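**Q** With the hints as your guide, set chains B and C onto chain A.
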Amino acid sequence: MGYPHKSHPRETPVLSKHFGDPKARELETWKSFGGYRALQQALAMEPTAIQDVVKASGLRGRGGAGFPTGLKWSFMKLGDGKPHYLCCNADESEPGTFKDREIMRWTPHALIEGCAIGAHAIGAETCFIYIRGEFSEPIAVMERALAEARAAGIIGKNAMGSGKTVDVWVHKGAGAYICGEETALMNSIEGKRGNPRIKPPFPAVAGLFGMPTTINNVETLAAVPHILNNGAEWYKAMCTASPKSTGSKLFSVCGNVARPGNYEVVMGFPFKEFLYDLCGGPPPGRKFKAIIPGGSSVPVITIEEAEQVKMDYEGFLEYGTMLGSGGVIIFDDAQSMPRQLARLARFYAHESCAQCTQCREGTAWMTKILERIVAGQGTFEDLDTIFELAENMTGKTICVLSDSCAAPVTSGIQRFRHEFEALISGKRSSSVAVAGAL
Amino acid sequence: MTAPMVNLTIEGRAVAVPAGTTILEAAKVAGVLVPHYCYHPGLPVAGVCRMCLVEVEKMPKLAPSCATTVGEGQVVHVYSEKALEARKGVLELLLINHPLDCPICDQSGECELQDYTFAEGRADSRYREPKRFNPVEDFGGDVMYVPNRCILCTRCVRFMDDLAHDEALCVQERGDRASIGKATEKDLTHPWAANVVDLCPVGALLSKDFLNKARAWELDRTASVCPNCAQGCNTIVETRDNVVMRFKPRTNTEVNQYFLCDEGRLDYRWLNRADRATQPMIDGVLADWEEAIHAAARLAKGATVRLVANASLSNEALYLLKRAFGPGVITVRTGAEAPLPGASDLALRADRAANATGAEWMGYRRVSAPLEGLGAGDVLVIADHDLTGVSAEAVSRAKAVIVIGTQVPAAVTAPNVVLPIANMAEEEGTFTNLRGRVQRFLQAKAAPGMARPSWFVLADLATQLGQPAVHFTAGAVFDALAKAEGAFAGLSYDTVALKGKLAAGATAGARA
Amino acid sequence: MSHGPSASGGALVAAAPHGHDHAPYTPVFTAGSARRAELDALITRYPTKMAALLPALWMVQEERGWIAPEAMSEVASVLDLTAAYVKGVVTFYTMYHQHPVGRHFIQVCTTSPCLCAGADKVVDSFLEHTGCKELGVTSPDGKFTVIEVECLGACGFATPVQINADYVENVTPEKVPAILAGLK
Chain A
1 MGYPHKSHPR ETPVLSKHFG DPKARELETW KSFGGYRALQ QALAMEPTAI
51 QDVVKASGLR GRGGAGFPTG LKWSFMKLGD GKPHYLCCNA DESEPGTFKD
101 REIMRWTPHA LIEGCAIGAH AIGAETCFIY IRGEFSEPIA VMERALAEAR
151 AAGIIGKNAM GSGKTVDVWV HKGAGAYICG EETALMNSIE GKRGNPRIKP
201 PFPAVAGLFG MPTTINNVET LAAVPHILNN GAEWYKAMCT ASPKSTGSKL
251 FSVCGNVARP GNYEVVMGFP FKEFLYDLCG GPPPGRKFKA IIPGGSSVPV
301 ITIEEAEQVK MDYEGFLEYG TMLGSGGVII FDDAQSMPRQ LARLARFYAH
351 ESCAQCTQCR EGTAWMTKIL ERIVAGQGTF EDLDTIFELA ENMTGKTICV
401 LSDSCAAPVT SGIQRFRHEF EALISGKRSS SVAVAGAL
Chain B
439 MTAPMVNLTI EGRAVAVPAG TTILEAAKVA GVLVPHYCYH PGLPVAGVCR
489 MCLVEVEKMP KLAPSCATTV GEGQVVHVYS EKALEARKGV LELLLINHPL
539 DCPICDQSGE CELQDYTFAE GRADSRYREP KRFNPVEDFG GDVMYVPNRC
589 ILCTRCVRFM DDLAHDEALC VQERGDRASI GKATEKDLTH PWAANVVDLC
639 PVGALLSKDF LNKARAWELD RTASVCPNCA QGCNTIVETR DNVVMRFKPR
689 TNTEVNQYFL CDEGRLDYRW LNRADRATQP MIDGVLADWE EAIHAAARLA
739 KGATVRLVAN ASLSNEALYL LKRAFGPGVI TVRTGAEAPL PGASDLALRA
789 DRAANATGAE WMGYRRVSAP LEGLGAGDVL VIADHDLTGV SAEAVSRAKA
839 VIVIGTQVPA AVTAPNVVLP IANMAEEEGT FTNLRGRVQR FLQAKAAPGM
889 ARPSWFVLAD LATQLGQPAV HFTAGAVFDA LAKAEGAFAG LSYDTVALKG
939 KLAAGATAGA RA
Chain C
951 MSHGPSASGG ALVAAAPHGH DHAPYTPVFT AGSARRAELD ALITRYPTKM
1001 AALLPALWMV QEERGWIAPE AMSEVASVLD LTAAYVKGVV TFYTMYHQHP
1051 VGRHFIQVCT TSPCLCAGAD KVVDSFLEHT GCKELGVTSP DGKFTVIEVE
1101 CLGACGFATP VQINADYVEN VTPEKVPAIL AGLK
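Protein chains in written order, with our numbering: chain A, 1 to 438; chain B, 439 to 950; chain C, 951 to 1134.
Please keep in mind that the hints were generated in silico from the structure rather than gathered at the bench. Only a predicted model underlies this, so the values are computations on that prediction, with no experimental measurement involved. Among these hints, one or two may not hold up.
[As the list claims (entries may be wrong)] Beyond 12 angstroms from chain B on every Cβ pair, some chain A residues (computed): (1) Thr-12; (2) Glu-26; (3) Arg-37; (4) Gln-41; (5) Ser-74; (6) Lys-77; (7) Lys-82; (8) Lys-157; (9) Glu-233; (10) Lys-244; (11) Lys-272; (12) Asp-277; (13) Ile-303; (14) Leu-317; (15) Gly-376.
[Claimed, not checked] With a cut-off of at most 16 angstroms between alpha-carbon atoms, the simulated EDC-like pairs for lysine to aspartate or glutamate come out as follows: (16) B:Lys-526 x A:Glu-190; (17) B:Lys-939 x B:Asp-917; (18) B:Lys-520 x A:Glu-391; (19) C:Lys-999 x A:Glu-190; (20) A:Lys-368 x B:Glu-567; (21) B:Lys-520 x A:Glu-388; (22) B:Lys-499 x A:Asp-403; (23) B:Lys-624 x B:Asp-636.
Glycine residues also receive a C-beta, built at the ideal position from the N, C-alpha and C atoms.
If we strip away everything but chain A, and leave its shape as in the complex, we get:
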């Protein structure tokens, strides 16, 4: 199937196969698709054996950082006598990203199964799925599926008759982007402000409630049952460019594009064909101008650069940006980049947790300068200030929120400086005149 559009023939629907099918939410239907076979199998395996399969598959974190999942799991010291925790990061709040929402609202059991396998693989008996508070519908779908799974003995004490305990619970957020940062997420579950923690200690040593913890993204965990069912080699074979990037990946596409939505393609898919064939190209009469390919925190690139990219972790890096969360934000030639970047900066200023000076003050200052430029009150010195400020906001704080504010802004100015200069000198380039009310 596919949602909101039918799957394109060139897509490889693994995770998205049942998007749009309300029946797929039901436990019985899900089992008829082969659901929970992988969990049954996993519960009979040694945790390290599961880790090995996932390591061999090449699966990397789908939340943004791209850390190898099996390796991350292997950091958990099994048999240390402490309670271990798995946290599923379903705080999906990165502008441009809306894939986890679809996984949860259409295929809740896929995630539950992934969570249960993941928990067992790290020696945890409890998994918390931290879902952003705005996602009332995914929360309701997940809660209902969890109730079904619990009633069917799939999770809980003696999960699937294995004698093992695997509990999975939803924990609802309450409006804070930063809770998608893994240590902030743990603080939030603990009932604290969602402040990122200083590392070390790393979560695998002292995480949720001070216990060894692993945090995985929704898409990452949802992929795990497929890997166990079909084998690491099958997953690894889904690779058309860099051997370090394997499997299928959901890309959320939004902004100025003919067919926004989620697309699942094999790693290494040519971005140009993705944009024009799968996504239908720009809206009628417009041209693509700029793209932020991995959620709003990664550098912006021009369409000319984007057309060269192979869609995997290494492919995006090669063009100075990142695959990130796979949230592809597209701006067409009617958009004012200064206005869009000012708005993005405002997002980060709004979401800064307020701990680190550079982030708390820097994101707000950056926003004010950009908004002043957009209002026609900018100076050329402002651009220098932005770059120095961005330098000050990069690599100096507890988490990377302030880096994430700086990256799209500086890359945007580097690539679209003429638009900023036009605003500063009082001339609007014809390409942005359409954006109107600046």
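**A** Just chains B and C now, with coordinates in the frame of chain A:
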């Protein structure tokens, strides 16, 4: 078990510190101050101000030195260009919304934002946007909050959480809208809450008591000991023009760490009282010192003396009083004990007197009715005791009354001799705290009129009474005391120094 | 492409009461109450009581429409926290209302992906048709409050609007009157 030592180089200086030490603390050992705001040695690490960033060779990013532990062979640069640039950036950001109202800010002159900006900050600001504004808020207790000056270092929040165990403060809101908040109905009423004022590195948390009273640079600072309870918190007495303006805590990790309770710190006005005894007097007539000492000696010689001493007199005064008259009685005002739960063995003590332990070690008896059983023929010697609760009629039973004190008590209507002495801020000496720690305090201001240090007056008096005590300094009195009184054996004024020493009596449980 | 409300029509989501509640605060977690039982059961999932703070605050908001200072004190005492601590948490998370809001709390996503789809015009349309006129101001009839919200995570369905708990997707300025007409 001691931690193994780790060797590293900080600013070119080799230093060895126990494993687990932070770079910031190791730098102190090397004699290098890493600028910082949120870090405080008495509080848990927050790592949020990012001011203490240093460059560590082979580390990809600058390291927050407060939250980074030392590694063998590390080479740390505190003043490299990269580190300086980063800190300059932090300073600029801390000032963009700051009102820059130093001329009317109480913190001015002792402000770390001023100091580090002066040392490492930019000469100008590139900030051209409107500044945020939040109104001043009364936090209750002695604390006022000026949010516009706040740098969100969270020292105050951490103090209330981790030391006071009273989570009365929080960081509220987020981003650049964040400020320190408290619940509407709950003020900073914790008996140690005013420490947040000391901990605040900027002018955001201010003492209402001290508000607009003095500029920091006008104050003279003297190492002292809080006289207001038996804990003996180390203090700095700050004076201007011979007037005590405030007490501040002085760090002593053995006694009070970095802290001072509210009651202790705010109870300083008595040191400035104007209604003092300032002249030696005999039968209500001004006398010179020699006459007065002789008159007192004549009255006491051979008589049955009832000595009533203030339990906050110095060890030296109590020792000389004992030499002159034999040990007397003390009374000790008591109040509710108020611990600082996050610190070990630190409390506002029930005994609201500085030296009851010293007095008791020397044989003074703690009584509640100091004149009980006073004989008609007795000579009453009042040693800086206020005789609260004692009637003039009871005093009048004495054959004669000698007042050696800062004031003549109301109950003493017709003293035969008055010998005016300095109060604790006007002289030097030692107190013994409730754990038996002997601690020195120094003279912070001049005594009024002809008042003399207690040890000076009492040494003369003891000598006149046939108990030679020829000493020219408080230290000499103490050294004599240490020889004479077993509980103080082995101590000397010099070794007690400014951090104090535990006396033999503390461990032996000795009572003279 | 989907139009109108999200795929499930929001039917799975329990209606969360919003609206002005200026009445004196009455406790939510009184002994023997259903909410107390719900909270007590929830606490057992976690090793600390504090972990039940966000859920407890959600319950208060569902019952009272917002988190009053008295509510912070109540939650604090139920979970062995202080009111100041709870305040720090409440004010961190933007979904907790620190003031009463309209019966229909309308949040329009205006972060970049939605902005380039014209979210600002959607905001204008809501402000006009609700009579709120200004962001954050409740309409005189107490029915509506409109705010801009940061990324709702439904960027492919620009412009998504969250009305109380429910998402309405692909909203354009023209659709606003019909959406409002459907709100009682």
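**Q** Does each hint fit the structure? Answer for all of them.
**A** Right, here's what the structure says about each hint:
Distance to chain B confirms Thr-12 of chain A as a non-interface residue, since its nearest Cβ pair spans about 36 angstroms, more than 12 angstroms. Residue placement check: Glu-26 of chain A keeps its beta carbon more than 12 angstroms from all beta carbons of chain B (closest about 40 angstroms). No beta-carbon of chain B is positioned within 12 angstroms of the beta-carbon of Arg-37 of chain A; the least distance is around 44 angstroms. At roughly 41 angstroms, the least C-beta separation between Gln-41 of chain A and chain B is larger than 12 angstroms, which holds for a residue marked as non-interface.
Every beta carbon of chain B lies more than 12 angstroms from that of Ser-74 of chain A, the smallest distance being close to 23 angstroms; the non-interface claim holds. The Cβ of Lys-77 of chain A lies farther than 12 angstroms from every Cβ of chain B, with a closest approach of about 21 angstroms, so its non-interface assignment holds. With a least beta-carbon separation of about 22 angstroms from chain B, Lys-82 of chain A lies farther than 12 angstroms from that chain, consistent with its non-interface assignment. Chain B leaves Lys-157 of chain A outside its interface by the beta-carbon criterion, the shortest separation being 36 angstroms against a cut-off of 12 angstroms.
The Cβ of Glu-233 of chain A sits about 35 angstroms from the closest Cβ of chain B, beyond the 12 angstroms cut-off, so the non-interface label holds. Consistency note on Lys-244 of chain A: stated as away from chain B, and its beta-carbon is indeed over 12 angstroms from all of that chain's, at 20 angstroms minimum. In this structure Lys-272 of chain A is separated from chain B by more than 12 angstroms, as the shortest Cβ-Cβ distance comes to about 34 angstroms. Consistency note on Asp-277 of chain A: stated as away from chain B, and its beta-carbon is indeed over 12 angstroms from all of that chain's, at 40 angstroms minimum.
With a least CB separation of 32 angstroms from chain B, Ile-303 of chain A remains clear of the 12 angstroms interface cut-off, as annotated. No Cβ of chain B approaches the Cβ of Leu-317 of chain A within 12 angstroms, the least distance being about 17 angstroms, so the stated non-interface status holds. With a least beta-carbon separation of about 14 angstroms from chain B, Gly-376 of chain A lies farther than 12 angstroms from that chain, consistent with its non-interface assignment. For the suggested pair Lys-526 of chain B and Glu-190 of chain A, the alpha carbons sit about 35 angstroms apart, so the restraint of at most 16 angstroms is broken.
Restraint check: the Cα-Cα separation between Lys-939 of chain B and Asp-917 of chain B comes to about 14 angstroms, which is no more than 16 angstroms; the hinted pair holds. Taking the CA atoms of Lys-520 of chain B and Glu-391 of chain A, the gap is about 11 angstroms. The hint holds against a cut of 16 angstroms. Under the criterion of a C-alpha separation no larger than 16 angstroms, the hint pairing Lys-999 of chain C with Glu-190 of chain A is consistent with the structure, at around 9 angstroms. With a CA separation close to 7 angstroms, the supplied pair Lys-368 of chain A and Glu-567 of chain B stays within the 16 angstroms bound.
At most 16 angstroms may separate the alpha-carbon atoms for a hinted pair to count; Lys-520 of chain B and Glu-388 of chain A meet this at roughly 13 angstroms. A hinted pair counts as satisfied when its Cα atoms are at most 16 angstroms apart, and Lys-499 of chain B with Asp-403 of chain A qualifies at roughly 13 angstroms. With a C-alpha separation of about 21 angstroms, the suggested pair Lys-624 of chain B and Asp-636 of chain B falls outside the 16 angstroms cut-off, and the hint is violated.
The structure shown violates the earlier hints numbered 16, 23.
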